[in-house]
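Using the sequences plus the hints, can you model the full thing?
Numbering (the working numbering), first residue to last: 1 to 637.
Incorrect hints may appear among the rest.
[As the list claims (entries may be wrong)] Below, a list of computed lysine to any residue pairs in the SDA-like style, where the Cα atoms sit at most 25 Å apart:
1. K499 / I385
2. K615 / S407
3. K166 / L229
4. K636 / I408
5. K622 / I385
6. K584 / L609
7. K615 / A599
8. K400 / F500
9. K622 / N384
10. K283 / H199
11. K400 / I430
12. K181 / Q224
13. K189 / Y219
14. K116 / S352
15. K499 / I393
16. K112 / N235
17. K636 / V621
18. K499 / S352
19. K637 / G581
20. K584 / N560
[Unchecked claim] Restraint ranges, calculated between C-beta atoms of paired labels, are given here:
21. D568 / V401: 39 to 47 Å
22. Q328 / D244: 22 to 30 Å
23. G38 / Q347: 34 to 42 Å
24. Y477 / T325: 55 to 63 Å
25. T608 / V492: 27 to 35 Å
It is worth saying that the hints were derived from the structure and are not from the lab. Positions of the beta carbon are idealized from the N, C-alpha and C atoms, including for glycine.
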Amino acid sequence: MIESLYTMKIQSIFLPFILIVFAVSSSSAQNCWSQVWGDDFNGTSLSTTDWIYDTGTGFDGGWGNNEYEYYTNTTQNVSVSGGYLNLTARYSNNYNGSGKNFTSGRILTRDKHYWKYGRFEASIKLPANTGTWPAFWMLPQSSPYGGWPTSGEIDIMENRGDVINKISGTLHYGNPSPNNKYDSDTYVKSSGNFADGFHLFAVEWEPGEIRFYVDGVLYKTETQTPNSLNPASNNAVTWPWDQDFYIIFNMAIGGWYTNNPAESSITGGNTSWSATMQVDYVKVYTDLSGGELTGSIDGKSSALYQETNLTYSIPATSGATYVWTVDQGTIVSGQGTNAIIVNWGTQSGSVSVSKTISCGSADYTLPVTVMPVSCGVMLEDFENIRFTDYGLINGQLSQKVDNPNSSIENNSPYCAQYVRNASEQYDVLIVANPGLGDADLIENGSKSFMFDVYSNAAGRNIEFTLENSNVSTPSNYPSGRHSTYRATTTKVNAWETLKFAWVASPDAALAGTSVNQLTMLFMPNTYTNTTFYYDNILLTDNSCPLPTTATKDATQNSMNLFPNPATDLVTLQLNNDIHSGQVKIEIFENTGRLLFETAQTVSDDETTLSVSELKAGYYLVKITQGDYSSVKALYKK
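The following block contains the structure:
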């Protein structure tokens, strides 16, 4: 499938010489293929864990190829039933005012699943209709060598629906369009056609070699050494197929490949016209006989300090044996199977597994970064971490609403909304068993209580009192009230993090360990129906040591952050494990919650990151490039 990754327009090019294959050549005998991923489409809907939809008409209204369709995510165009994926093109006059008279489906595994090397196969039944252009193909997950087609493309199968006994396999490469190059061969059935049933289309992609198959017949082989591409690449990148690629299925209509038929010749005037490409299954294999492996261990590559019960797995293969090892962690269960449960300790390490089948074995490793000790605990984020026991609520609490204004202060998708009860002078919201531990540590300043607040005015007081519900009653103040804390809003229609200061200890005799209730008061001693949004209720440990003041270190042998503490900019000084090029940088709160991530370019072993928008506090900075990662603590002043 000729395709622009984002912005390159494809120009009309001539079809290659047709190669008719008569001899049969089976898959290479030396390979030991073991499945690492697949989809049998046995459900009732498309798995959004495995696939994403492409929708619309592309950047130029024709997906770079003068196509006629508008791709949708509706079941009219993409459906799963009876064990098949159905990509159905339909006539739909001026769909949604787009000017397109056809709708169809296009799905891909980008960002979900991607591989470097392996066997990629799909069992497909093609439609027999003028103007249809079904395709099974692959594009690079990233574009390290440049935009399309310099970073490569692999077309495993394309068909022109009015020539239903012929398919083509193609590699795209070279300079950006319109100076792009491609090398293509065509397989023609000597009898029958590709609409008479399901046929198996595959490529076997190994370092320096790509082989194309139809129903087990090898009909095209390309090699890097000697470079067999014809024509030769007109770019310095002569063989871009050494990076991760993802899978695409689509059912295009019209376009240059189909010889740009008129719409009337496609539908024949039938306003109920449709055509379907059916996929029985798609499978991806790795070669256990040697060479570079495809697939990977699935699981978290970043774990919290002493985090427990994390699952790591690889796809199951019938008859395989599995031997797992975990460096710096403990295997709780699952040894001998394709999935294990791991408890991590205090140090970074790795998860490894040796997978063996009758014809070979392979080893897989996933480096795992264990974050430094946390300086706080998240009590409630209205997403994954929740208070489970609310008591009396005078106002109206909505525990999961959309964030009214995502920002660096709070970029969570959801938060809580609280509307104060105007008839209550001391409106309260009570949380039972909030998990605060010893409240004396909050009272004496060893720990601090804070959360994010969004309101439409500054100067509004918010208080909370730590209580023992077995002692306190509405009429016996101050009995049972251990301590009270207050913070005041300073922003208007913007998030801010309020840190609560001690105000009083009404019942000094109440032990901190007996506190079992948190009573929140929004604007106490008023009669209003004011609306507040709040999120990320956090208990921080003020005794956690701040990072040692850091400057540039000429002898450093790990990642160094300077200046640290920082105000506006921080420089990441890197060791020899990081090479020039792009790195991923992630910023975490001290609880391990990811705030944001970015990609930056390293030159001369350094890169600079702006932290001016971060609120004051303790953070974790993680840098990743390939298998290397490192985490350092940062304090923002």
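query = Does K636 pair with V621 here, judged by a C-alpha cut-off of 25 Å?
reply = Roughly 12 Å separates the two Cα atoms, so the pair holds.
Holds or violated: K181 to Q224, with C-alpha atoms at most 25 Å apart = holds, 16 Å
inquiry  = K166 and L229 were given as a pair; does the straight-line alpha-carbon distance stay at or below 25 Å?
reply    = holds, 22 Å
query = Between Y477 and T325, is the Cβ distance one that fits in 55 to 63 Å?
reply = holds, 60 Å
inquiry  = Holds or violated: the 22 to 30 Å window for the beta-carbon distance between Q328 and D244?
reply    = Roughly 27 Å apart at Cβ, these two residues keep to the hinted range, so it holds.
query = Is K636 within 25 Å of I408, Cα to Cα?
reply = holds, 14 Å
ask   = Within a Cα-Cα threshold of 25 Å, do K283 and H199 meet the stated pairing?
value = Measuring from Cα to Cα gives roughly 14 Å; hence the hint holds.
query = In this structure, is the beta-carbon distance linking T608 and V492 contained in 27 to 35 Å?
reply = Given about 32 Å between the Cβ atoms, the range holds.
ask   = Are K615 and S407 close enough, with their CA atoms no more than 25 Å apart?
value = holds, 11 Å
message = K499 and I393 were given as a pair; does the straight-line alpha-carbon distance stay at or below 25 Å?
response = Distance of about 23 Å is within 25 Å: holds.
query = Does the Cβ pair G38, Q347 satisfy 34 to 42 Å?
reply = holds, 36 Å
key: Agreement of K622 and I385 with the hint, judged by alpha carbon distance not exceeding 25 Å   = Answer holds: K622 to I385 is near 23 Å, not above 25 Å.
Consistency with the previously given hints fails for numbers 16, 18, 19, 21, ordered from lowest to highest.
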